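Same order as they appear, the protein sequences are chains A and B.
For the first sequence, our numbering begins at 1 and goes up steadily by one.
For the second sequence, our numbering begins at 1 and goes up steadily by one.
The reader is advised that the hints may include incorrect statements.
Claimed, not checked - Derived DSS-like pairs: lysine-lysine, alpha-carbon spacing no greater than 27 Å straight-line:
1) B:Lys-134 / A:Lys-35
2) A:Lys-35 / B:Lys-136
3) A:Lys-48 / B:Lys-167
4) B:Lys-134 / A:Lys-34
5) B:Lys-4 / B:Lys-54
6) A:Lys-197 / A:Lys-284
7) B:Lys-134 / A:Lys-48
8) A:Lys-242 / B:Lys-107
9) B:Lys-136 / A:Lys-34
10) A:Lys-284 / A:Lys-35
Hints in this document: simulated from the structure, not taken from any laboratory.
Since the structure is predicted, the reported quantities are computational estimates derived from the model, not experimental observations.
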Amino acid sequence: MNKGVQSVISDSNIITSHPVMAEPFGNALIELAKKNDRIVGLSADLAKYTDIHIFRDAFPDRFYNVGMSEQLMMCAAAGLAKEGFIPYATTYATFIARRCYDFISQAICEHGLNVKIIGGLPGLQSGYGPSHQATDDLAILGAMPDLTIIDPCDAVETMQATAAIAEYDRPVYMRLLRGNRVPVVLDKYDYVFEIGKAKLLKDGSDALVISCGEMTMRCLDAAEELEKEGRHVAVLHVPTIKPFDRETVLAAIAERSCPVFTAENHTTYGGLGTLVASAVAEEKMIADLHRIALPDQYLEAGTLGRLQDMYGVSQKAVSETMRSVLS
Amino acid sequence: MDTKINELLDRAYNVRKNVLRMGYVDRRGFIAQGLGASDFLTGLFFHAMRYDPKDPDWEGRDRFLLSAGHNAIAVYAAMAEARMIPEEWLDTYGLDDSHLPMSSMPKYTPGIEISGGSIGLGLPIAVGMAMGLKRKNSDSRVYVMMGDGEMAEGPTWEAATSACSYKLDNIIGLVDANGIQADGLTSTVVNTEPLDEKFRAFGFEVQRINGNSMTEVVRALDNAKNSEEKKPHMIICDTVPGTGLDFLIGNPKSHFISLDEEGWKRAFEELERGKE
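Start from the sequences and build out the full structure, keeping to the hints where you can.
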């Protein structure tokens, strides 16, 4: 095992003060497959790095490794779905969004096929540099009609969403949090994942944070920190990017007269912040909007902790941004 | 055998007539390709494949995937002859609200399995369907029709790799090697040959035939179906675009032919003469 590779890839899961869980996606898929024999798995030589290797080991005859052929994998998943199976296809999010767009579009989404595409290393989760940093996957894939897009916050939600999308007979792209140490956060908030539903995890009147994916985890931590300083920050979690729960988001903004932050592990271009801003504009609402997101540029290579601080998406950076606006 | 071949040749004539009928709607189109592909498509639809014309979703059907959707004209022509679609639809080919768009899509036409406008997806999707059929212990096969120009698309070779690695012997691919593509002759745009050697090197069981000889088409399809080899099958069909209409053969603009009223009259007459 190359220790260097391992540490760069799973850094994000190690930097946490929360309890952790191993391979939530893979474990949820195994449980699902025990009950539903239509579930099959595919990967393009990244089984081990997308947590589907434990599914492969549990159900070797229900798993297809197609090697480094991501475009083929999308089409093969389409073919399996056409034959009545529910394929979960995994690779890195960059390869899904950038390399496979045409294949996901013409083979899968044009026909509403029941394929689940699972993307590892979404947003900034790798220090490898732009090739492995899917900073633009929500913008790219968000343009595709009829694709449902899910960005889970933690291990709890990853497990719930893995099961929920199997029951949902449509194409889905889900961002993956993986590894031996995926934080467990949402159990404290009595949370249940529902496709297409934004949920208020914490109430507050000094600021509203609208966030998705692992940024919700960091925003909750930041909100707890600010609570101790006497500032009450509400956190609205939006795990489904498409279809966007516009109604809940706009209601949460309208109910409060305070600064509104959007927070996403994605660039400022075409992700959650863009969705919120355009919804606000279309409703002719006035809101004091602040975006916490990655810059619209190719990011540097390096260690993940440093990069997350540098680009303003670490928990520390989120707290500082909020403080500077609220003071 | 001769009776069978003669019956198939009659079918092929009807398929060609359907191609011209569709071409006449807008007085232009992918006519030469349609004529060139008519013989092996006749072999597929009236000799090799198992299907129920009245039930395009019948689970026991052989799957037919048109990868290069531009060649839909030829497939619609064969489907109409097979009574899978009503003959009247041919007169609406490519028009607004037609069931027969220029490039084939499942949404518009019953019996069309995949969309093919962006090409190179047929063999990759076939890999998944072939895996799925094997999972279901189905004896249905997946037939995929591709083009030789299309062989420049990378995913076809990704699919070829996995099809052989997973021993998907329930795939029978057909490449319509008509030698033409959008920008000219395939040999001058980019040479995709030697296709038989390439597929053989990947691990396919390969046959290369004259795709306009019904005898060779029937023999090749029978060989592929009866083969004991645990390999996917590929039939490279060398075809001549415009077959059936001598005056179209060798036309450098044969990728997308446009004819005046006089030309159309001549086309229908010449096709009929050829039958006799």
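>> Tell me the numbers of any earlier hints that the structure contravenes, in ascending order.
In response: Structure breaks hint 10 only.
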